[in-house]
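Colleague: Listed below are the residues making up each chain.
There are 2 protein chains.
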Amino acid sequence: MTSEFAFIEALRAIATNPAARGLADDAAVIEIGGETLVLTMDTIVETVHCLPGDPAADVAWKLVAVNVSDLAAKGAEPVGCLVSYALGDEEWDHGFLEGLQQAATHFAIPLLGGDTVRMPQGAPRSFSLTAIGRGPKGCAIPSRCGAKPGDRVWVSGTIGDAGLGLAILSGHRFAARSDPVTADWLVRRYRRPAPDVVLGIALAPHVTAMMDVSDGLLVDSRRMAEASGAGIVISVESVPLSDAHREVAGQDLDARLAAMTAGDDYCLLFTAPPQRTAQIRKAAAGLGCEVSAIGSVGGGAGLALVHNGEPIPLPGHLGYQH
Amino acid sequence: MTSEFAFIEALRAIATNPAARGLADDAAVIEIGGETLVLTMDTIVETVHCLPGDPAADVAWKLVAVNVSDLAAKGAEPVGCLVSYALGDEEWDHGFLEGLQQAATHFAIPLLGGDTVRMPQGAPRSFSLTAIGRGPKGCAIPSRCGAKPGDRVWVSGTIGDAGLGLAILSGHRFAARSDPVTADWLVRRYRRPAPDVVLGIALAPHVTAMMDVSDGLLVDSRRMAEASGAGIVISVESVPLSDAHREVAGQDLDARLAAMTAGDDYCLLFTAPPQRTAQIRKAAAGLGCEVSAIGSVGGGAGLALVHNGEPIPLPGHLGYQH
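Chain order of the listed sequences is A and B. For the first sequence, position 183 matches number 183 in full-length UniProt numbering, and the numbering has no gaps at all. For the second sequence, position 38 matches number 38 in full-length UniProt numbering, and the numbering has no gaps at all.
In short, the hints are calculated from the structure, not lab data. Certain hints may be false.
As the list claims (entries may be wrong) - Chain B residues, not near chain A, derived (Cβ > 10 Å throughout):
hint, residue
1, 106
2, 184
3, 231
4, 275
5, 278
6, 288
7, 300
Said to hold, decoys possible - Estimated spans, in silico, between C-beta atoms of each pair:
hint, chain 1, residue 1, chain 2, residue 2, range
8, B, 198, A, 33, 19 to 25 Å
9, A, 6, B, 34, 38 to 44 Å
10, B, 137, A, 281, 41 to 47 Å
11, A, 320, B, 121, 18 to 24 Å
12, A, 35, B, 300, 39 to 45 Å
13, A, 108, B, 137, 27 to 33 Å
14, B, 282, A, 108, 43 to 49 Å
15, A, 302, B, 13, 45 to 51 Å
16, B, 13, A, 288, 29 to 35 Å
17, A, 16, B, 277, 41 to 47 Å
18, A, 172, B, 302, 58 to 64 Å
As the structure is a prediction and not an experimental result, all values here were calculated from the model. By construction, the Cβ of each residue, glycine as well, lies at the ideal position given by its N, Cα and C atoms.
Based on the sequences and whatever the hints tell you, model everything.
Modeller: Take a look at the structure:
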């Protein structure tokens, strides 16, 4: 079987149009009629990207959310979406529609069309969604490749909650350790990611690079460093953890590294010059959003970690690798 | 299991944005920055929409072509596409990429992005594509619902070739009756549909309604009639057949009805006032395309057939019903 990496390399040779951005980003960018359109397409496969027990409404929500997350990282305002849906049984279909409507309303992304298909009996189904957004006016569309030495590295929200939610659903020992309300909250963070488009729009004028954290903070940070041809150093103790995370998994070095290598955060990772700090904090505070400075961009290459000022080795596993 | 019809009815209640056109059309239409964008998304499922023996390159071609066909019916010029691809074995992936590149070049629709996923072992895979087009300037975007009493009904190309190709691949008696060159040509019509975007663009200013013929001429004509609130009468003897079709399956009434109820033509079905006839013929001739007047729009409702001037009953099966 071809590796995803090898396949994407081969696709890149076909996708030579500038709007494809060399497939190095999570979205395509088209200039049209004086506007900039951002387009992204993500697929969720039963048993691969969601658990067999995940409610249909949550799968639909996640399908919308993972695409909206790519728009948020481009500072793009949602215009609409198209969905390709593989029919299931009546109850599942009903739940999916319910979650689709909830997500479309929550993220203000109207459903514009798509396709429905029927899979052969018993086959795992897959669901695709294309999201279309309108890029920011008056500033460049952020990409993952603009981080500059001297920049600060930031992340929005808290890291690792979805990973803990998945661990709880998978019967990890954390399940026994969590009170039901906390466990529910963490599971919801896994099943109902909530990327923040408005925050992405507010940040776009200030950032040098931006992308969403989907596969794990460390692997995504390394991707940003590599795409930018710069070095990113993250201070492990600065990575924001939720109260629920501290309660269930603690906040020692191991817990932090686990959080930073778990996926499904759908937060924003971004870099900006230090002189933008006040504007970034103000923009986030105005929206009631948390943003945390977690490191810096240097002249080296790749990713490095420090813990209380001391360099520490990278863990062997940085996150979900395609 | 929910019927596709019931599911789409339920989707319609969610897709209330005007750009969704009530999901009554094959594409969404967005006004943006002084341009009109047309968006469509279609999915091909292994074993459902393609045969197990279909070469990967042909599956990729068809995935692009069925979406381009929706753009052609809107008189839209391709801007780009996004593809969601489920990885297979190396040879299949290689063939798919080859066909994708051939189709992207043929239809001048650059690949802009997408997603790759891995299906569980042995599962049938599905492939989705979103095509984006720029709508015609200076005229309304054609839809399926504008047919007016007094209009002529037209179709481009020839009807039923892909259906014969599929029959040959399925071991139908036509296979024995066809010489190899003819059989290859018909199979190619099934595997490599060639919707004509340039013809769609040229026709758009003249038509009152336009859609592509994908599920069968009769079922699609009835959909146009119903969407337009008008009656469409088709003269069976006027439906254009290819030389290959005449040679292999003949042109008697049964052969004609079979052609009109087979799917996968990806021709254009359109209506226009009689006074546009010369312009339509000239536009098509200038592009080396065949267009045929096959009937008329009346004041009734639904679809009716005449054969050499005599009304005949509709066949029980009009085409592929979702």
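Colleague: Hints first: check each against the structure and report whether it holds.
Modeller: Hints versus structure:
1. 106: holds (13 Å)
2. 184: holds (27 Å)
3. 231: holds (28 Å)
4. 275: holds (33 Å)
5. 278: It holds; residue 278 of chain B is separated from chain A by about 33 Å at its closest Cβ, greater than 10 Å.
6. 288: Given a closest Cβ separation of 28 Å, the condition holds.
7. 300: For residue 300 of chain B, whose nearest Cβ neighbour in chain A is about 30 Å away, the distance exceeds 10 Å, so it holds.
8. B:198 with A:33: 19 to 25 Å: holds (21 Å)
9. A:6 with B:34: 38 to 44 Å: About 41 Å separates the Cβ atoms of residue 6 of chain A and residue 34 of chain B, which means 38 to 44 Å holds.
10. B:137 with A:281: 41 to 47 Å: holds (46 Å)
11. A:320 with B:121: 18 to 24 Å: Check passed, 19 Å falls within 18 to 24 Å.
12. A:35 with B:300: 39 to 45 Å: holds (44 Å)
13. A:108 with B:137: 27 to 33 Å: holds (29 Å)
14. B:282 with A:108: 43 to 49 Å: Holds, at about 47 Å.
15. A:302 with B:13: 45 to 51 Å: holds (50 Å)
16. B:13 with A:288: 29 to 35 Å: holds (32 Å)
17. A:16 with B:277: 41 to 47 Å: Roughly 42 Å apart at Cβ, these two residues keep to the hinted range, so it holds.
18. A:172 with B:302: 58 to 64 Å: Given a distance of about 60 Å, which is inside 58 to 64 Å, the answer is holds.
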